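**Q** Here is what each chain is made of, one letter per residue.
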Amino acid sequence: MTEPLLSLKDLSIAYKVGAHDTIAVEGATFDVQPGSIVGLVGESGCGKTTLARSLTRVLAANARIAGGEAVFCGQDIVALSERAMNGLRWREIAFIPQSAMNSLDPVYTVGSQLAEVLTRRGGMARAAARKRSEELFEWVGIETNRLGDYPHQFSGGMRQRVAIALALALDPKLIIADEPVTALDVIVQRQILDQLRELKERLGISVILVTHDISVVAYVCDRVVVMYAGRVVETGPMAATLTAPAHPYTMGLRNAFPDLAGAAGELTPIEGSPPDLANPPAGCRFAPRCPFAEARCRTDAPELLPYEGDHLAACHRIAEAEALRARAVASETWEIPA
Amino acid sequence: MRDTQDPPLIKLEAAELHFPVGGILAQLQGRSTVVKAVDGVTFELHRGESVGLLGESGCGKTSTGRMLVRLDKATGGRVEFDGEDISALSGDALKRFRSRVQLIFQNPFEALNPRFTIRDVLAEPLENARIPKAEHEDRILRAMALVKLGDATQFMDRYPHQLSGGQLQRIVMARALILEPEFVVADEPVSMLDVSVRAGVLNVFRDVRAKTGITAIYISHDLALVRYVCERTIVMYLGRIVEDGPTEDIVANPLHPYTQALVAAVPVPHPDQSHEPLPIGRGAPDPRNPPSGCTFRDRCPRAFDRCAVEAPGPTRIQNRIVHCHLHAPET
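Going line by line, the protein sequences match chains G and L.
Numbered per the numbering used here, the first sequence spans residues 1 to 338.
Numbered per the numbering used here, the second sequence spans residues 1001 to 1331.
Next up, chain G with everything else stripped away, as it sits in the complex (with noise of 0.2 Å):
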C-alpha cells in the first residue's frame, strides 16, 4: 500500500454547550489513499459534517479539536498555524459544501468568483486565470459561454457543478464534499457523481465524500467509513463493507435501504434513535438499538479491530459477524422486544 495522502490517528472534535464539552467525533482513525473517494456515511447528528470541516479546520465558534491528529501529505492539520492552515485551502484541501446556493456569492457572476480565487489564491494573471476557468467549466460539463452568468441563473445541478469548478481551480489533492447530491433529483444526481469518478481517474485527486445514503457510496466510493453516535463504528473496502458488513449498525442500514435492482421486499427500520451526544451511554453507543447486545456492550466500549484483511469494525461480537448477518437479514430480528 502507497502512503495515505491523510491519515487520521484519534481525532477527536468538542462542542462547548454552556459549562459542558460534548464530544461530537470520538477517536476518529482512518486513512484516505490517493486516487480514492472514500465515503463517510452515518445518520444526522453522527459527527460526519464535523469531522469533514475539520480537515479544513472550519468549524464552529464552539467546536475545536480536541485530540488526536490528521496528517496530510506529511504535516498536522491539527498542529499548523492558522496561516500555514489558510496556504492549505483550496491549494491543497478543497471543500464543496451541500448547497451551492449558499456558498455563491449572489451579486457577482461565477466567472468572477472563479476569477478571484485564481487570482487571489493562486497568484495567477488574470488573462491565464481566463483561460483556467474556461478549462475548469469545460472539466465539469458547463459551457464556457456562461461564466459570466450569476448563481441565480443556475440550476440546482449547475450550480454543484460551478462549486466542484471552484473546488478544482487550484488544483488540490483532496476534495472534501459535504453532501453534494442530496439535495439534486436523481438524474443530476448520477451526473454530478461520474462527474466526480472521471475528475478523480483523471487528475488522480481524492475525495472524501459525506453522505447519509449507502446507495451512493455503493456507486463511487472506493472504500468506506461508517460512523455512529461520533465513533467510527466499521471501515473497509466499499464492496466488502457493503456486502459482508461486520457492524450491526451497517448490517441495519442495508436493510433500511430500497434496492430498485432487487425484488421489491421489505424494509427494516432500526428502531430507536441515536443517543444524546450531552449524555451519551456507557459502553457501544449502538448497544441501545441493537439486536444482538449483550451485557458486556453497555459497560464496555468496543475497539475498531480487524475483521478481513483493512475492513474494520468496532463490535464485541465482531468474531460472530457472518452468523449476526445471517440474522440481520431477518425483519423479525430488528422488531423491539415487547
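Among the clues, some could well be false.
As the list claims (entries may be wrong) - In the SDA-like style, the derived pairs of lysine to any residue whose C-alpha atoms are separated by at most 20 Å in a straight line are:
#, chain 1, residue 1, chain 2, residue 2
1, L, Lys1148, G, Glu266
2, G, Lys200, L, Pro1277
3, G, Lys200, L, Pro1271
4, L, Lys1211, L, Asp1138
5, L, Lys1148, L, Leu1179
6, L, Lys1148, G, Lys200
7, L, Lys1148, G, Thr333
8, L, Lys1148, G, Glu335
9, G, Lys173, G, Thr2
10, G, Lys200, L, His1275
11, G, Lys16, G, Arg64
12, G, Lys173, G, Glu135
13, G, Lys200, L, Glu1276
Unchecked claim - For each label pair, taking beta carbons as the anchor points, the in silico distance ranges come out as:
#, chain 1, residue 1, chain 2, residue 2, range
14, G, Tyr150, L, Gln1005, 55 to 61 Å
15, G, Glu143, L, Ala1311, 26 to 32 Å
16, G, Thr243, L, Ala1311, 41 to 47 Å
Please keep in mind that the hints were generated in silico from the structure rather than gathered at the bench.
The structure displayed is predicted, hence computed values, not measured ones.
We put the CB at the ideal spot given by N, CA and C, even for glycine.
We have chain G; now place chain L onto it with these hints.
**A** Chain L only, in chain G's frame:
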C-alpha cells in the same frame, strides 16, 4: 389502471395549473408569460388505489397534488372528487370536501406549531370539524395507534421539539388521518428523515392503507421509495404525464425514454451496478420556455422530426399509457 365498474374517486381531465410570471409592469405591457406547472393532465384514481407521482423538481408533481386537495384551483380542465367538480366548491360544500381529503407535508420539523403540545396538534382538526369534545381523547388515541405510536400517553403532553423526526412525521400523519379522510396526498413525506427511521414511516404508510383502505397519492422523485408504497406510478415531465402504469412494469421495462433514464439513474445499495452513461441529455428543463412539441425532446436521445412539431398524445400499451411518438401508432 384497473378495470372496474366503480366510478373513480378522483378524475382529472386535461387539468391545468398555469401561473403568470413577471410583475405588474410586464403584464400591463403585455409581456407577461405563464409557467405551465400542470399542462393538460388526465388520469383517474379508484378507491383504495395508491399512486406515485414521480418526477424531477419542477415537473409539476407537487402542483398536481396541491390541485387535488384544492390548495390551488385548476386554471383549466376539470378536477373531480367523487363525481363533483372541486373547482366549483364553496362554503359548506368546500368545508365538507376539506374534511374528506388531506395533505401530508414534506418537512415534519416545520409542519407542526411549536407552541402546541401533541394533544393540541391532534385536537385542532377535531375542533375545526366540530367533533364533540367527549370524543376527542378516543379519536386521538386511535389515530396515534394507527401510526404506531402505541404508548400515546408518553407523547401527548410533549412539544414537537421534544420528538425525533420519525416520531414527528408519524404525528403529522396522525393529524392528517384523524378525521378519517378518504383521500390523502403525501408530498415527499420521508425526504427529511434519516435512513434508519425512514423505513419505519414507510411501513406505517403501508399499514394505514391496509387498515383503512384509504386512497393515496405519494409524491416523490425517488422511484425506489414509490415502488415500496404504490402499485401504480405516474411519471411527469414539465407539467405533463409521460408514462402511467403498474409500478413493477415501469421498474422492469420503462417505455418512455425519460422513464428509462429515470430508472437507470436510481443508485442501488450494493456494489454490482451499471456505470453506463445515462441515456439523457444534460441540462435542466426550463418550465418558462419548454421546447415545442414533446417537451422532453431536447434531452431525448431518440427524438426525431415529429417530436418537434407535435406533442405526443396518449398511447395505450397493455395496462400502460405512454405519451411518446416512438410508441404511437403510425399516422
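**Q** Decide, hint by hint, whether the structure agrees.
**A** Hints and how they fare:
| no. | hint | verdict |
| --- | --- | --- |
| 1 | L/Lys1148 to G/Glu266 | holds (17 Å) |
| 2 | G/Lys200 to L/Pro1277 | holds (17 Å) |
| 3 | G/Lys200 to L/Pro1271 | holds (18 Å) |
| 4 | L/Lys1211 to L/Asp1138 | holds (18 Å) |
| 5 | L/Lys1148 to L/Leu1179 | holds (17 Å) |
| 6 | L/Lys1148 to G/Lys200 | violated (46 Å) |
| 7 | L/Lys1148 to G/Thr333 | holds (18 Å) |
| 8 | L/Lys1148 to G/Glu335 | holds (13 Å) |
| 9 | G/Lys173 to G/Thr2 | holds (15 Å) |
| 10 | G/Lys200 to L/His1275 | holds (15 Å) |
| 11 | G/Lys16 to G/Arg64 | holds (8 Å) |
| 12 | G/Lys173 to G/Glu135 | holds (18 Å) |
| 13 | G/Lys200 to L/Glu1276 | holds (17 Å) |
| 14 | G/Tyr150 to L/Gln1005: 55 to 61 Å | holds (57 Å) |
| 15 | G/Glu143 to L/Ala1311: 26 to 32 Å | holds (28 Å) |
| 16 | G/Thr243 to L/Ala1311: 41 to 47 Å | holds (46 Å) |
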